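Peer 1: For reference, the chains in residue letters:
Number of protein chains: 2
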Amino acid sequence: MKSAGLSVREDAIGNIFGRWDGSENSREAIASGSHIDAIPYAGKYDGVVGVLGAIEAIRVLRSSGFKPRRSLEVIMFTSEEPTRFGLGCLGSRALAGQAGFVDVLKKAIDIHNISFAEAAKTAGYFEVHEKLEKVALLKGAYSAFIELHIEQGPTLEKEGIPVGIVTAIAAPASLKVEYKGNGGHAGAVLMPFRNDAGLAAAELALAVEEHVLASGSLDTVGTTGVLELHPGAINSIPREAHLEIDIRDIDEKRRDMVVEKVQQSASKIAINRRVQLENFIIVNQDPPAHSGEEVVEAAVLAAQQLGLQHKLMISRAYHDSLFMARITPMAMIFVPCYRGYSHRLDEYASEEDIVGGVKVLALTLARLSLS
Amino acid sequence: MKSAGLSVREDAIGNIFGRWDGSENSREAIASGSHIDAIPYAGKYDGVVGVLGAIEAIRVLRSSGFKPRRSLEVIMFTSEEPTRFGLGCLGSRALAGQAGFVDVLKKAIDIHNISFAEAAKTAGYFEVHEKLEKVALLKGAYSAFIELHIEQGPTLEKEGIPVGIVTAIAAPASLKVEYKGNGGHAGAVLMPFRNDAGLAAAELALAVEEHVLASGSLDTVGTTGVLELHPGAINSIPREAHLEIDIRDIDEKRRDMVVEKVQQSASKIAINRRVQLENFIIVNQDPPAHSGEEVVEAAVLAAQQLGLQHKLMISRAYHDSLFMARITPMAMIFVPCYRGYSHRLDEYASEEDIVGGVKVLALTLARLSLS
Ligand SMILES: [Mn+2]
Ligand SMILES: [Mn+2]
Ligand SMILES: [Mn+2]
Ligand SMILES: [Mn+2]
Chain A
4 MKSAGLSVRE
14 DAIGNIFGRW
24 DGSENSREAI
34 ASGSHIDAIP
44 YAGKYDGVVG
54 VLGAIEAIRV
64 LRSSGFKPRR
74 SLEVIMFTSE
84 EPTRFGLGCL
94 GSRALAGQAG
104 FVDVLKKAID
114 IHNISFAEAA
124 KTAGYFEVHE
134 KLEKVALLKG
144 AYSAFIELHI
154 EQGPTLEKEG
164 IPVGIVTAIA
174 APASLKVEYK
184 GNGGHAGAVL
194 MPFRNDAGLA
204 AAELALAVEE
214 HVLASGSLDT
224 VGTTGVLELH
234 PGAINSIPRE
244 AHLEIDIRDI
254 DEKRRDMVVE
264 KVQQSASKIA
274 INRRVQLENF
284 IIVNQDPPAH
294 SGEEVVEAAV
304 LAAQQLGLQH
314 KLMISRAYHD
324 SLFMARITPM
334 AMIFVPCYRG
344 YSHRLDEYAS
354 EEDIVGGVKV
364 LALTLARLSL
374 S
Chain B
4 MKSAGLSVRE
14 DAIGNIFGRW
24 DGSENSREAI
34 ASGSHIDAIP
44 YAGKYDGVVG
54 VLGAIEAIRV
64 LRSSGFKPRR
74 SLEVIMFTSE
84 EPTRFGLGCL
94 GSRALAGQAG
104 FVDVLKKAID
114 IHNISFAEAA
124 KTAGYFEVHE
134 KLEKVALLKG
144 AYSAFIELHI
154 EQGPTLEKEG
164 IPVGIVTAIA
174 APASLKVEYK
184 GNGGHAGAVL
194 MPFRNDAGLA
204 AAELALAVEE
214 HVLASGSLDT
224 VGTTGVLELH
234 PGAINSIPRE
244 AHLEIDIRDI
254 DEKRRDMVVE
264 KVQQSASKIA
274 INRRVQLENF
284 IIVNQDPPAH
294 SGEEVVEAAV
304 LAAQQLGLQH
314 KLMISRAYHD
324 SLFMARITPM
334 AMIFVPCYRG
344 YSHRLDEYAS
354 EEDIVGGVKV
364 LALTLARLSL
374 S
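Protein sequences, first through last, are from chains A and B.
Residue 132 in the numbering used here sits at position 129 of the first sequence, with consecutive numbering throughout.
Residue 91 in the numbering used here sits at position 88 of the second sequence, with consecutive numbering throughout.
Wrong hints could be hidden among the right ones.
[Claimed, not checked] Restraint-style ranges between C-beta atoms, simulated for each label pair: (1) A/S374 / B/N282: 38 to 46 Å; (2) A/R277 / B/N28: 50 to 58 Å; (3) B/I285 / A/E162: 57 to 65 Å; (4) A/E281 / B/S374: 51 to 59 Å; (5) A/K70 / B/I114: 56 to 64 Å.
In case anyone wonders, no lab produced these hints; they're calculated from the structure.
Only a predicted model underlies this, so the values are computations on that prediction, with no experimental measurement involved.
Ideal placement from N, C-alpha and C gives every residue a C-beta, glycine not left out.
Please model the entire structure based on the sequences and the hints provided.
Peer 2: Given below as structure tokens:
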């Protein structure tokens with residue numbers, strides 16, 4: 004950001020801001036950005052395209068001689084992926100000042116029982132709980148926010164359209180479930196005397212799929228991405244099982260109904276298998292977000308001006324924009340990605356498509372800056 | 004072993020032998036021993052009781068003035084548990100000269116793709132493949148082998164009997180299964196386009212239980228002790244799943260029928276879920292072992308001489324004795340353990356019961372030494 008001429012600051016949780024002052028610097032700025040963290044074994048486009056793309060858009064505007072009225076800011080959000088603490092969008096949640104978020108962070112531990120505060124301290128972020136209030140921005144702190152991102156779905160590529168403009172972001176719910184049984188030696192404990200936490204977990208993973216498929220809508224998706232057994236040895240009956248489940252929909256009520264059914268199944272399975280349902284935690288259950296009309300419009304005009312075909316679409320993936328929507332009108336620009344693959348090593352977006360996306364972003368920022 | 008006055012040697016794979024020379028040193032020795040390795044989060048009695056117990060038995064015989072005719076040897080077997088390479092009883096398999104075992108070891112890798120040979124080298128055991136032939140003992144190398152061990156089941160405790168004498172060891176089969184799908188983002192990939200390796204694994208774990216219960220015998224047990232998902236993130240559809248399955252029975256044919264059914268289910272599930280069944284490996288499928296009559300008899304006489312009630316029983320857990328049975332008549336002495344718990348941190352056997360077991364072992368060794 005510095006080499007692009009931006010003045011850089013960082014907040015207490017690790018969000019990084021790079022600012023290009025406009026001539027009307029006292030008015031609310033226009034922001035653009037995304038994240039650069041990734042889940043294990045993921046690709047290098049998810050998030051990164053939106054951070055480097057925003058820096059590049061500003062670099063191009065600057066070198067073209069453009070003079071912004073409203074200031075332009077690049078935001079690199081911290082910890083968008085829920086990799087370590089099961090909490091997605093740490094940075095943007097904090098910026099949006101989510102109610103009760105400090106309490107959530109205080110309880111958050113990783114699989115090694117390291118608390119969020121300890122981990123933050125190790126990384127050089129001290130007193131992150133105490134300073135979190137200061138991280139939160141007021142509603143209206145920005146005039147608009149726009150995020151460039153790969154689609155993470157197959158639609159744009161399939162339809163041969165280079166630009167997607169997002170009008171709404173689907174609502175994700177994240178669950179953590181723990182079962183506990185007696186374990187024991189795989190040879191010595193006869194079947195009737197077992198209460199196998201691993202088999203309870205297997206049943207619950209299949210129940211998630213069943214309830215999602217029963218929702219009646221293609222837009223409902225559910226995934227058991229984490230299923231860990233303890234002690235995890237071939238000759239030991241699983242004594243503990245830990246699941247992390249993600250359920251999403253563009254319809255909040257329909258999604259919450261699935262969450263409720265999963266919870267009922269979790270209890271039933273525990274009773275049938277005589278294991279303890281130690282935990283059933285709804286880590287988050289965020290409402291969906293709708294884009295700001297004026298931001299969508301600016302992006303649509305930018306695409307048209309560039310002669311790039313665009314499609315208005317819904318984002319089923321989780322983004323920092325979901326939280327930025329709480330404090331400012333937002334929109335997202337999607338570019339196609341290979342087969343819709345994401346969160347995989349072979350995630351890929353072509354240079355041509357990324358360049359197209361950056362151009363749309365640059366023109367959108369310019370237009371919004373003058374508004 | 005040294006402080007008990009034994010002369011100690013180690014073989015190329017890490018089995019450790021401590022010898023007390025008898026007056027008829029040229030005749031085959033009597034051996035006793037077990038292992039001291041453990042699975043993660045296990046107790047401190049499984050195996051350890053049989054190693055320390057054998058040393059103590061010899062110490063007591065020596066201090067009582069007993070003069071052995073046949074030499075007495077304590078064996079501490081290496082790597083009885085299949086923790087790292089999914090291969091149980093590495094040390095005793097090697098001693099028993101299992102056919103094809105070198106080839107199995109050459110293919111063995113741990114979850115970090117470290118080969119057995121590399122791991123052995125790191126631990127100071129060089130050229131373990133090359134030297135494995137020398138580790139193998141000839142049939143008849145020992146006159147008898149007897150292993151003291153906690154029961155790892157609830158029978159002795161429940162019935163209030165201090166000593167179990169094992170007449171047969173159940174036959175274990177170990178399977179490794181890998182499923183592979185396309186993975187993808189948990190939000191973006193709609194349900195009909197998924198092939199979730201984790202759900203395939205969940206179905207297979209439940210199928211193992213189903214086939215085991217359908218065997219018609221209480222003696223059939225099956226466990227999916229390992230189920231790992233990759234990449235293992237809440238917002239990522241599992242692209243790979245790795246299972247390790249243990250199936251045991253005292254009836255070899257009935258067990259092998261369950262293994263076959265599990266294999267059929269593994270294929271069916273792969274087809275239904277459009278995932279690849281990358282691997283279905285039968286890591287081992289060992290035949291059961293029967294104790295040597297003369298060794299059982301010596302143990303029974305020892306228990307009677309001590310006024311300790313005993314019970315002839317079957318071992319459903321895997322032991323080094325299973326492999327020692329291939330080269331020498333063997334038997335096992337069981338002592339009760341708390342609630343039958345094993346492979347858990349709260350595994351426990353009382354001092355009184357262990358002392359009883361060691362006494363039976365000492366008298367059995369004395370009797371066999373004079374035979
Ligand atoms: Mn992501
Ligand atoms: Mn992202
Ligand atoms: Mn064991
Ligand atoms: Mn053992």
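Peer 1: Now tell me if each hint is right for this structure.
Peer 2: Hint check:
no., hint, result
1, A/S374 / B/N282: 38 to 46 Å, "violated, 59 Å"
2, A/R277 / B/N28: 50 to 58 Å, "holds, 56 Å"
3, B/I285 / A/E162: 57 to 65 Å, "violated, 47 Å"
4, A/E281 / B/S374: 51 to 59 Å, "holds, 55 Å"
5, A/K70 / B/I114: 56 to 64 Å, "holds, 57 Å"
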